[in-house]
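Asks: Below are the chains, spelled out letter by letter.
There are 2 protein chains.
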Amino acid sequence: MEMHAFGELLPMEEAQRRMLVAARPLSRTEQVPVTEAFGRVAARAVSAPRDVPSFTRATWDGYAVRSADTRSARRSRAVRLRVVGEVFAEGRFPRPLCAGEAVAVATGAAMPRGADGVIIFEDVERTGPWVDVPHPVRVGDRMAPPGDDFPRGTSLVAAGEELTPAAMGALAACGFATVRCYARPVVSIIPNGNELLVPGARPRPGSIYESNNVTLSAVVSAAGGTPRVFPPVPDDPRQIEAALRAALPTSDVVLATGGSSVGERDHLPRVLPRLGRLLFHGIAVRPGKPTLAAVAGRKLVIGLPGHPSSCLANSYWIVLPVVRKIGRRPGPAWVDAPVRLGRGVLAPTPELATVIPLTLRHGRAYSAYHGSSSISSMVGARGFAVLPPGRRSVHPGESLQAHWLLPPLGPGGGPLAGNG
Amino acid sequence: MEMHAFGELLPMEEAQRRMLVAARPLSRTEQVPVTEAFGRVAARAVSAPRDVPSFTRATWDGYAVRSADTRSARRSRAVRLRVVGEVFAEGRFPRPLCAGEAVAVATGAAMPRGADGVIIFEDVERTGPWVDVPHPVRVGDRMAPPGDDFPRGTSLVAAGEELTPAAMGALAACGFATVRCYARPVVSIIPNGNELLVPGARPRPGSIYESNNVTLSAVVSAAGGTPRVFPPVPDDPRQIEAALRAALPTSDVVLATGGSSVGERDHLPRVLPRLGRLLFHGIAVRPGKPTLAAVAGRKLVIGLPGHPSSCLANSYWIVLPVVRKIGRRPGPAWVDAPVRLGRGVLAPTPELATVIPLTLRHGRAYSAYHGSSSISSMVGARGFAVLPPGRRSVHPGESLQAHWLLPPLGPGGGPLAGNG
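One line per chain: the protein sequences are A and B, in this order.
The first sequence runs -7 to 412 under our numbering.
The second sequence runs -7 to 412 under our numbering.
Each hint should be verified, as a subset may be incorrect.
[To be verified] Now the in silico label distances, taken between C-beta atoms and shown as ranges:
{"hint": "1", "chain 1": "A", "residue 1": "H354", "chain 2": "B", "residue 2": "P226", "range": "48 to 56 Å"}
{"hint": "2", "chain 1": "A", "residue 1": "G355", "chain 2": "B", "residue 2": "T170", "range": "28 to 36 Å"}
{"hint": "3", "chain 1": "B", "residue 1": "R290", "chain 2": "A", "residue 2": "T21", "range": "42 to 50 Å"}
{"hint": "4", "chain 1": "B", "residue 1": "R335", "chain 2": "A", "residue 2": "R36", "range": "27 to 35 Å"}
{"hint": "5", "chain 1": "B", "residue 1": "R237", "chain 2": "A", "residue 2": "P143", "range": "40 to 48 Å"}
[Unchecked claim] Chain B residues, not near chain A, derived (Cβ > 12 Å throughout):
{"hint": "6", "residue": "G(-1)"}
{"hint": "7", "residue": "T21"}
{"hint": "8", "residue": "A60"}
{"hint": "9", "residue": "D108"}
{"hint": "10", "residue": "A175"}
{"hint": "11", "residue": "P229"}
{"hint": "12", "residue": "P265"}
{"hint": "13", "residue": "R266"}
{"hint": "14", "residue": "A288"}
{"hint": "15", "residue": "R335"}
{"hint": "16", "residue": "G336"}
[To be verified] Quick look at which bits of chain B chain A covers, simulated, 3 or more residues with Cβ under 8 Å:
{"hint": "17", "stretch": "45 to 57"}
{"hint": "18", "stretch": "140 to 146"}
{"hint": "19", "stretch": "159 to 168"}
{"hint": "20", "stretch": "203 to 210"}
No lab work stands behind these hints, which were simulated from the structure alone.
Please read these numbers as outputs of a predicted model, since none were measured by experiment.
Ideal Cβ placement from N, Cα and C applies to all residues, glycine included.
Could you put the whole structure together from the sequences, leaning on the hints where they help?
Replies: Below, the structure written as structure tokens:
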């Protein structure tokens, strides 16, 4: 059994920087139905193609009038107008309004031609076909011109923006059925190791169920990517190389798990340099030290350790930002919030940075870390914190900057509690 | 044109409380592939069905030995053992270890029977088939018993928990292919109004493109529900009632939009009481005042105003928490964070509460609110804040508690920036 040694370990910031430089934002786009575009990244700026609404509308329920008719109206001497019709939101009064006439209009209805103001129902007396107007109506009262919602050319969506419910509604209001978005990055996940079992297989001594593909798939989805999981590849450098080469043309990034360290059966450190330029092997972080990355053609290939908790920690601070960058997502990869520790944490190897997966109970964070070989350290983790190299411990009650993949679970209570 | 008046307006907290009481958590469950379970709500507690791993394993690369053989080992007088085999992660040494023997083992490999400790490669001298052990190996060194990851019975997932990447990995590591989850709530969205156009239709005076279904669909998806959008129903009470009755049996909640106010063509206030018990009509909030809700059978029916920005505001503080409750989602409906206003805000009707949709630029929040009839107030909104009744204004630079539907977009910089 041969062992090699790691070269100099790379600080995690520098490892992340090299991977992010190599992670090229994709340029593929696709037309997405507006109804399915929630959270997608717009590839083009979109502006209103015409005035919305296209007509002058009433902004209140009332009577559309010619303001000139009401100039002399006083409480003591009301002006009497004849009601010649009514217009609901979808209708249209068929002819121009004549002197002495009024038309009942609903909010949002098109104003009759010739009408230049609206007086609200509450302000008039109605008697049969007549309304008595007790004060002058000013030009433009309770009405709005074409383009009041969106004048033609209004920016609805900027290129590179994540589509919100609000932006989707604005696109729909302007009549758009689809919107051009960047494609979701395709992320191939290739586990390797003879010991890996697929679900349903019978456990044997020395064998374990493959679980990294599930964790990575979820993180890839959270990052807006499309995970593509390959069956486990045996511990054979030729087969691993062939699997990576086969996946590359149709992938935006390839994640290989297992065999990333320095042992005899750790083939990735020998295979990746055959595919392209090695960026590094070995990061000064625990868990996750045996991680490597290469650029093959213009694509990033990352070798992640097979230990499930190492793979989880790496998925947070490597996979999530890398896939988000390739998918051109703006903004941060996680929700940052300071949190107090419920129990102290010791850095197992203080000369390395420490990634601490965090669980949250009663508003306090707890390390879920038991050791890099322990899968149970993962259960309950919703985010993580990083201790820099040299930091030996964090005391109970100390505050840490935490990065949450999912929003932290807060205290109970109604959603409006605390709004004042 | 008839007008009715609102009765007493309900405070928004009370309106929300009544709807949340009527929103019954669903009990339908379904079996979901673990690979697709990200963010789903577990319906049952799941624990480890057996010890994981099922065997005693080495936790380091090295030589598995019988500790008794090494008791007399000293640096000056090493104990020489014969290497009789090697075990990689998936293998198994075929017979018990005899006195004076060692087996090379990789991290994670099953320990040979009879071996009770591991000495790491770096600590020994290897010469052909021999290793020289320079110190005693203690019982249990560098090895772990069956169940080291998960002893049989370990809790993997609690009932009612949202599945994280970490929990999904733990389920996969225990060999689970599927997990029982609560169904996604089916949310029917029924727009009504003669003025509503579907995408592709030619705009006419008085007509507008239906957009609330798109906004609501996105918010329903964000809440973990499945939106089901109906085509617009004409302004006819019988047709509206028929559409609502038809949707109810296969829906967990029904959202009707438009016609929720007090005008002649506002049919929902007359239709909803025919379906069940009216909870309220009219909320002391702006925008969103003309909102009503009823319980039909055991199901909630909510009538939302047709003005797109009113509908958006209501989707945040009504639809999101209601759908989350029906889907049994734990935790808050949005990410709360205080934010400073970049520009002052005036409450348009200070006797009512004000819901302010917020956009974020350069770390400051701006009201996206232009008036309840303006759709453009929606563009860019990613969250909201609430001013309580009586609050007339917020000054520029003042801090507000904001509720973000999507994580707020923070300043740029590398994802690890500021961790150090």
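Asks: Check each numbered hint against the structure and report the violated ones by number, ascending.
Replies: none
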